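Following the hints, put chain B in place on chain A, whose structure we already have.
Top to bottom, those sequences are chains A and B. For the first sequence, my numbering begins at 20 and goes up steadily by one. For the second sequence, my numbering begins at 20 and goes up steadily by one.
One or more of the hints may lead you astray.
Note that the list lumps identical chains together, so a pair holds whenever it fits in one copy or between two copies.
Straight line, CA to CA, 35 angstroms or less: simulated DSBU-like cross-link-like pairs of lysine-lysine [said to hold, decoys possible]: (1) Lys115 / Lys89; (2) Lys81 / Lys146; (3) Lys186 / Lys89; (4) Lys186 / Lys79; (5) Lys110 / Lys184; (6) Lys110 / Lys167; (7) Lys85 / Lys65; (8) Lys64 / Lys195; (9) Lys85 / Lys113; (10) Lys113 / Lys79; (11) Lys167 / Lys146; (12) Lys85 / Lys167; (13) Lys167 / Lys64; (14) Lys133 / Lys113; (15) Lys186 / Lys113; (16) Lys129 / Lys79; (17) Lys184 / Lys81; (18) Lys79 / Lys133; (19) Lys195 / Lys79; (20) Lys115 / Lys195; (21) Lys146 / Lys79; (22) Lys186 / Lys65; (23) Lys79 / Lys115; (24) Lys113 / Lys81; (25) Lys85 / Lys184.
Hint data in this document are derived by calculation from the structure and do not stem from the laboratory. Bear in mind the structure is a predicted one, so any value in this text is a computation, not a measurement.
Number of protein chains: 2
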Amino acid sequence: MQYPNNIVKKKTSTVSYGNRGMDLENLLNLSNSYYEERNIALIFKKPTPVGIVDVHYTTKGKVIDKAYFKAPSTLDYNGLYRGKYIEFEAKETKMKTSFPLHNIHPHQIKHIRKVIDHDGIVFLVVKIQQLVYLLDGQVFLSFIDQTKRQSIPYSYFVEHGHLIKEKIDPPLDYLKVVDQIYFGGNS
Amino acid sequence: MQYPNNIVKKKTSTVSYGNRGMDLENLLNLSNSYYEERNIALIFKKPTPVGIVDVHYTTKGKVIDKAYFKAPSTLDYNGLYRGKYIEFEAKETKMKTSFPLHNIHPHQIKHIRKVIDHDGIVFLVVKIQQLVYLLDGQVFLSFIDQTKRQSIPYSYFVEHGHLIKEKIDPPLDYLKVVDQIYFGGNS
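Okay, chain A solo, but in the shape it has when bound:
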């Protein structure tokens, strides 16, 4: 039995590029589940901070009727890897030439400094030009401190960031890059 070419092709691409087109948050959540299931790391996305205004009670529990989103003062993801505290923020931009700094709140920038002071691992994961880079917190702060620019040029990620390769499982193996940068390449 023969299948038309296009069906075979479609099936192949589903297997090989199942995560293509998925947004950065989903890729990271899947990767974090992979790491947790295999007992590699415990890293979670923090719930979105929400201010709750009104609730009502039902037989199944409380239901929220009114709430609003709060500005985060820490980063999106944190957890525990190889006995170390790890925290990062994930952002994607459709800009081709640079990453606008308004994506990171001033409180979050202060927080990055504090995590470094307290000997934690802290970085950004930025998707730009369809590529995902890890940018170490200290390297990010160097940029902020040395320039008045409102955005980080793409070339800065290429030169000072670390490319995280997209693969099947986990879709974004960012801890491999963390091993290289923060643990001297040992895993």
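This is chain B only, laid out in the frame that chain A set:
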């Protein structure tokens, strides 16, 4: 000029026991702010996990019209102290003789095991009989593993827990106890 006794008394008690009657979450949040301001530790309560069903847009931003509370699978507080990952759950009970175990979700119990496996510091902070105890995660798991009881007797906290003294600033200096248990008493 003389004030009636009861007014003087009231003023004194406001100064000395300003935090008396405050719930455990507030005491911990104030303590965590104290630790952060003095550059001692970075520990935060995680936002309550909420599933958002409906939102609408206003000139001031998104407003949530319907949402529900999700069951937490990690613990309420986590952060970074002296270069180490720290995570804990805080609960108060009005029961006088024991702490009911249904206060801690099965997912959270699994999570406590994992944090220990990954070399993090993990514990419970339990307010019972108007006293606040820190109970190490491993000691908590020993109880769970060795008994089929549905609650931890008060005496277990007295024997195996560590009393956290309430004071003025910070209202609950639990990191002093953390120093004793996890850092060999050095601070």
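Violations among the numbered hints: Checked against the structure, the hints that fail are numbers 4, 12, 19, 25, while the rest are satisfied.
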